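Trainee: Sequence:
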Amino acid sequence: MNPRILVFDSGLGGLSVVKALRETAPDAQLAYAADNAAFPYGDWREDALVERMTQVMGRLIEQMQPDVVVIACNTASTIGLDAMREQFDVPFVGTVPAIKPAANLTKTGHISVLATPGTVNREYTKALIDTFAFHCQVKLHGAVRLAQMAEDKLAGKSVDLEALRTEVAPVFVEDEKGRTDVVVLGCTHYPLLLDELKEVTPWPVSFIDPAPAIARQVLRVVGVGCKYEEVVSFANRALLTANVKRDAKLAMALAHYGFDIPAKTP
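The numbers in the numbering used here rise by one with no breaks, and the one at position 142 of the sequence shown is 142.
These are calculated hints, taken from the structure and not from any lab test.
These figures come from a predicted structure and were not determined experimentally.
Beta carbons are placed, not taken as given, at the ideal position from N, Cα and C, and that holds for glycine.
One thing to keep in mind: the hints can contain errors.
[Stated by the list, open to error] Below, in silico cross-link-like pairs of lysine-lysine (PhoX-like), each with a Cα-Cα straight-line distance of 20 Å or less:
1. LYS177 x LYS157
2. LYS249 x LYS157
3. LYS107 x LYS157
4. LYS139 x LYS126
5. LYS100 x LYS153
6. LYS177 x LYS153
7. LYS107 x LYS177
8. LYS139 x LYS177
9. LYS157 x LYS100
10. LYS19 x LYS177
11. LYS19 x LYS153
12. LYS153 x LYS249
13. LYS153 x LYS107
[Unchecked claim] Here are the computed distance ranges between Cβ atoms for each label pair:
14. ASP82 x ARG216: 31 to 39 Å
15. ALA169 x ARG85: 21 to 29 Å
16. PRO91 x LYS249: 27 to 35 Å
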């Protein structure tokens, strides 16, 4: 039986992970759930977000019965992943900034983490730097507008390259010792803007997209064996927590990635 993989995010950022999963595990059954009623998660207090995730995840797992859940959101993972694993008897795969691969890849010792303000200020991120990139100069930049720009792009709006250039300018650091050569995309929304990001870089850099590594970890997890019988319609389903009519363009974006017209979660 092909594994049932539920990809979860507050918005559309998880579609970058969906793309990697479809390439890495073409036989897997994928479903997508967006807690768009609560978007963006970065604006939530940590305790309130854990409570919110627990409520939404409980309904999703009961309804969808996945073999594995991918938390395709850095904020949700760093705040709520441990709580989800404690609460539910389903394997979870999270998303964290790819600082270790960046530290291994850099030639100049200058790496930057482009993420949401919440992610760059979180102790979890700082602990990753202390553990894996202590020998590097690491620039943390919390982008305020980037996730919404990615959502707007998927809704059919053109990306304002000058606004994008201004938003990401702080990640490009140059001093007498060298300049940034690796940029970690610390939010799953950001790979959706990868083409545009490459257009506004002041010099060539390597962007690290976390999605392929997430997809490989999912395969390792489901390789243990599937838990559920084939009892629910799963493949290509999409669920939203806000009124579907309110997010018609979101529904169009999901369709572009192979999902059915989304339904509202009960």
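Trainee: Work down the list of hints and note, for each, if the structure agrees.
Mentor: Each hint, compared with the structure:
1. LYS177 x LYS157: 40 Å, violated
2. LYS249 x LYS157: Since the Cα atoms of LYS249 and LYS157 sit roughly 10 Å apart, the hinted pair holds (cutoff 20 Å).
3. LYS107 x LYS157: Violated, at about 36 Å.
4. LYS139 x LYS126: It holds: about 11 Å lies between the C-alpha atoms, which stays within 20 Å.
5. LYS100 x LYS153: Given pair LYS100, LYS153 is violated - Cα atoms ~29 Å apart, limit 20 Å.
6. LYS177 x LYS153: Violated, at about 37 Å.
7. LYS107 x LYS177: Holds: LYS107 and LYS177 sit about 11 Å apart, inside 20 Å.
8. LYS139 x LYS177: Cα-Cα ~14 Å, so holds.
9. LYS157 x LYS100: 34 Å, violated
10. LYS19 x LYS177: With a Cα-Cα distance of about 37 Å, the restraint between LYS19 and LYS177 is violated, given a limit of 20 Å.
11. LYS19 x LYS153: 16 Å, holds
12. LYS153 x LYS249: 10 Å, holds
13. LYS153 x LYS107: Between LYS153 and LYS107 the Cα gap is close to 33 Å, so the pair fails against 20 Å, i.e. violated.
14. ASP82 x ARG216: 31 to 39 Å: Violated, since ASP82 and ARG216 (Cβ atoms, about 22 Å apart) do not stay within the stated range.
15. ALA169 x ARG85: 21 to 29 Å: Since the Cβ atoms of ALA169 and ARG85 sit about 38 Å apart, the hinted range of 21 to 29 Å is violated.
16. PRO91 x LYS249: 27 to 35 Å: Taking Cβ atoms as reference, PRO91 and LYS249 lie about 32 Å apart, which means the hint holds.
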